[in-house]
Amino acid sequence: MATEKELESLCSQVRRDIVRMVHAVNSGHPGGSLGCTEFLVTLYFETMKHNPKEFKMDGIGEDLFFLSNGHISPVFYSVLARSGYFPVKELATFRKLNTRLQGHPTTHENLPGVRIASGSLGQGMSVAIGAALAKKLNKDDSTVYSLHGDGELDEGQIWEATMYAAGNKVDNIICTIDVNGQQIDGPTDKVMPLGDLEAKFKAFGWDVLKIANGNNVAQVTEGLKIAKQHTGKGKPVVILMKTEMGAGVDFMMGSHKWHGVAPNDEQLAQALKQLPETSGDY
Amino acid sequence: MEKKYNPTEKKDTRSGFGAGLSELGKKNPNVVALCADLTGSLKMDAFQKDHPERFFQVGIAEANMIGIAAGMTVGGKIPFTGTFANFSTGRVYDQIRQAVAYSGKNVKICASHAGLTLGEDGATHQILEDLGLMKMLPGMVVINPCDYNQTKAATIAIAEYVGPVYLRFGRPSVPNFTAADQKFEIGKAVTLYEGTDVSIFATGHLVWKALEAWEILQKQGISAEIINIHTIKPLDEKAVIDSVKKTRCAVSAEEHNKFGGLGESISHVLTSEIPSPLEMVAVNDSFGESGTPDQLMTKYGLDTIDIVNAALRAIARKK
Chain A
3 MATEKELESL
13 CSQVRRDIVR
23 MVHAVNSGHP
33 GGSLGCTEFL
43 VTLYFETMKH
53 NPKEFKMDGI
63 GEDLFFLSNG
73 HISPVFYSVL
83 ARSGYFPVKE
93 LATFRKLNTR
103 LQGHPTTHEN
113 LPGVRIASGS
123 LGQGMSVAIG
133 AALAKKLNKD
143 DSTVYSLHGD
153 GELDEGQIWE
163 ATMYAAGNKV
173 DNIICTIDVN
183 GQQIDGPTDK
193 VMPLGDLEAK
203 FKAFGWDVLK
213 IANGNNVAQV
223 TEGLKIAKQH
233 TGKGKPVVIL
243 MKTEMGAGVD
253 FMMGSHKWHG
263 VAPNDEQLAQ
273 ALKQLPETSG
283 DY
Chain B
321 MEKKYNPTEK
331 KDTRSGFGAG
341 LSELGKKNPN
351 VVALCADLTG
361 SLKMDAFQKD
371 HPERFFQVGI
381 AEANMIGIAA
391 GMTVGGKIPF
401 TGTFANFSTG
411 RVYDQIRQAV
421 AYSGKNVKIC
431 ASHAGLTLGE
441 DGATHQILED
451 LGLMKMLPGM
461 VVINPCDYNQ
471 TKAATIAIAE
481 YVGPVYLRFG
491 RPSVPNFTAA
501 DQKFEIGKAV
511 TLYEGTDVSI
521 FATGHLVWKA
531 LEAWEILQKQ
541 GISAEIINIH
551 TIKPLDEKAV
561 IDSVKKTRCA
571 VSAEEHNKFG
581 GLGESISHVL
591 TSEIPSPLEM
601 VAVNDSFGES
611 GTPDQLMTKY
621 GLDTIDIVNA
631 ALRAIARKK
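As given, the protein sequences belong to chains A and B, one line each in that order. Going by the working numbering, the first sequence opens with residue 3, and the numbers climb by one from there. Going by the working numbering, the second sequence opens with residue 321, and the numbers climb by one from there.
One thing to keep in mind: the hints can contain errors.
To be verified - Interface residues of chain B toward chain A, partial, derived using beta-carbon atoms under 8 angstroms: (1) Asp357; (2) Leu358; (3) Val378; (4) Ala381; (5) Ala383; (6) Gly387; (7) Gly395; (8) Arg411; (9) Gln415; (10) Ala419; (11) Tyr422.
As the list claims (entries may be wrong) - Under the rule of at most 30 angstroms between Cα atoms (straight-line distance), these lysine-lysine pairs were calculated in the DSSO-like manner: (12) B:Lys346 to A:Lys58; (13) A:Lys141 to B:Lys619; (14) A:Lys141 to B:Lys346; (15) A:Lys171 to B:Lys565; (16) A:Lys138 to B:Lys347; (17) A:Lys235 to B:Lys369; (18) A:Lys138 to B:Lys346.
To be verified - Over the 12 angstroms line for every Cβ pair with chain B, so calculated as not near, a few chain A residues: (19) Met50; (20) Asp60; (21) Tyr87; (22) Gly124; (23) Trp161; (24) Glu162; (25) Ala163; (26) Gly256.
Derived from the structure by calculation, the hints contain no laboratory data. Quick reminder that beta carbons are idealized off the backbone N, C-alpha and C, glycines included.
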């Protein structure tokens, strides 16, 4: 079990990894990655039971995580590496030719910790449901987690999956929605208004929980703990988690502009000044 | 040469799938089945009845079905998805591409009502592009068996193979002429008649028509070699090359658009290995329409006589 302070300190290091990775190749998605840092750090270092040293695709007896919004691969890779799935120095290969750290996560290059390719949006909830159904068939009582962007909810397949999970009592999944209110073309309210997400998921038959500040380690830890207690009760569980896109780097926050843009040299230096190196840069 | 195939019964290939799936259910506890509201049409009822805990009704939500199937493989399951060929491929191409093919997942995409022989429902349901869509995906195995027995054998065989497979079959009853106890080998062409004048490579429902064409050609003194290509990908290139080395010309026959199908795959082998005349019996870049299966096969040039004529054209083009 990690302390709150340890998790916070890890978040700072993961954020350094994120901005350095996207800067190095002048591409990638820092905004959503920074916004979901507390969530992924907490999930991998506190919440899930998993075995990074000996990755097995079937994950039997382990909690599983599926990243549906694959473009936030920088935070995913950093957290996987720092959990011990693969060497931290491999983060330097992100998006480069012959890398296992493809622009969007894939199983194709056999990167330990990744169980499905994602990038084309809206597919991860279905995959998580499938993995959860297999766990039920295998009499495996561990939990399946997934993360989705709020913009991703524009995709129709998400609602097919939402209907299925409730209708078939898939109660061993916890899907988290990163509600940052931003997507590529602007605020979600402008691009495709999502309406009342809580009411929508409730109407579909889900158990709806909230994390008011997804950039607060204590709130994320508590939220995930409560969510786990809500599993196994006949309903799928969704967490609506409010985050700030670009969190942790002042000039990247509060705008959709850093969704898929890398910082230049000067901006990188400015970002790193705000993020103490806590576990050693790759 | 004596006529070798005299089937006494006609059966639909989709029932071969249903029978194969039912048998798999009994012998392999990891086999699971998913269906998008077409259980009866896909003949999945027996599996559903015998193994309700391993049968997943997903409703009319094919994208979700493919995603769930991909996720199930993570836990070691072998999912067989079932819906019409149109909704098994075109409707869910991106899901198959990312979550199944690129992710290397052991999903068996089983597709009924392929091609024109779906009949009266018309072009919205008569996909003639599915073989092309599926064969373009790296790592995807594409199988189109010819009759009930072969579809049953193929269904059982693909559960043993680890990796994504597209299995295509159809709605109408067609002569059931292959052996009930056949061993289905993925990627291995089956020579039905040996011949010396022309090689006829047929797949799916067109295999029986190629056998009928053999008889007509034989009466005209033409020796046709008939080869059943049940696996479009990986194509048995050696069988194609060895046959054409002997006959020096070829015909392809399929219930599919001429673009993207078996003919195109054969053409690729011939042009790179053994340049020879090839005549394609296939739909000429068109959608289908309503009609009986027989009427449609005639109108769109996929009849026995079309194979005969293609063979004569191919022979005439030989140098």
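Now the hints, each set against the structure:
1. Asp357: This interface hint is violated because 12 angstroms lies over the 8 angstroms limit.
2. Leu358: Nearest chain A Cβ about 16 angstroms off; hint violated.
3. Val378: holds, 6 angstroms
4. Ala381: holds, 4 angstroms
5. Ala383: holds, 4 angstroms
6. Gly387: holds, 2 angstroms
7. Gly395: With Cβ-Cβ at 3 angstroms, under 8 angstroms, it holds.
8. Arg411: violated, 11 angstroms
9. Gln415: Interface hint status for glutamine 415 of chain B: holds (6 angstroms vs cutoff 8 angstroms).
10. Ala419: holds, 5 angstroms
11. Tyr422: holds, 5 angstroms
12. B:Lys346 to A:Lys58: Between lysine 346 of chain B and lysine 58 of chain A the Cα gap is close to 28 angstroms, so the pair holds against 30 angstroms.
13. A:Lys141 to B:Lys619: violated, 54 angstroms
14. A:Lys141 to B:Lys346: Distance ~20 angstroms between lysine 141 of chain A and lysine 346 of chain B Cα, so the pair holds.
15. A:Lys171 to B:Lys565: The given pair, whose Cα atoms are some 60 angstroms apart, is violated under the 30 angstroms limit.
16. A:Lys138 to B:Lys347: At roughly 20 angstroms apart (the allowed maximum being 30 angstroms), lysine 347 of chain B and lysine 138 of chain A satisfy the hint.
17. A:Lys235 to B:Lys369: This hinted pair holds, its Cα atoms lying about 27 angstroms apart.
18. A:Lys138 to B:Lys346: holds, 20 angstroms
19. Met50: Since the minimum Cβ distance to chain B is about 15 angstroms, methionine 50 of chain A lies beyond 12 angstroms and the statement holds.
20. Asp60: At about 5 angstroms from chain B, aspartate 60 of chain A fails to clear the 12 angstroms cut-off, so the statement is violated.
21. Tyr87: holds, 16 angstroms
22. Gly124: Per Cβ check, glycine 124 of chain A is inside 12 angstroms of chain B; nearest 8 angstroms; violated.
23. Trp161: violated, 9 angstroms
24. Glu162: Label violated. Min Cβ-Cβ 4 angstroms, cutoff 12 angstroms.
25. Ala163: Non-interface label fails for alanine 163 of chain A: nearest chain B Cβ at 5 angstroms, not farther than 12 angstroms.
26. Gly256: Given that every Cβ of chain B is farther than 12 angstroms from that of glycine 256 of chain A, nearest at about 32 angstroms, it holds.
Against the hints set out earlier in the document, violations occur for numbers 1, 2, 8, 13, 15, 20, 22, 23, 24 and 25.
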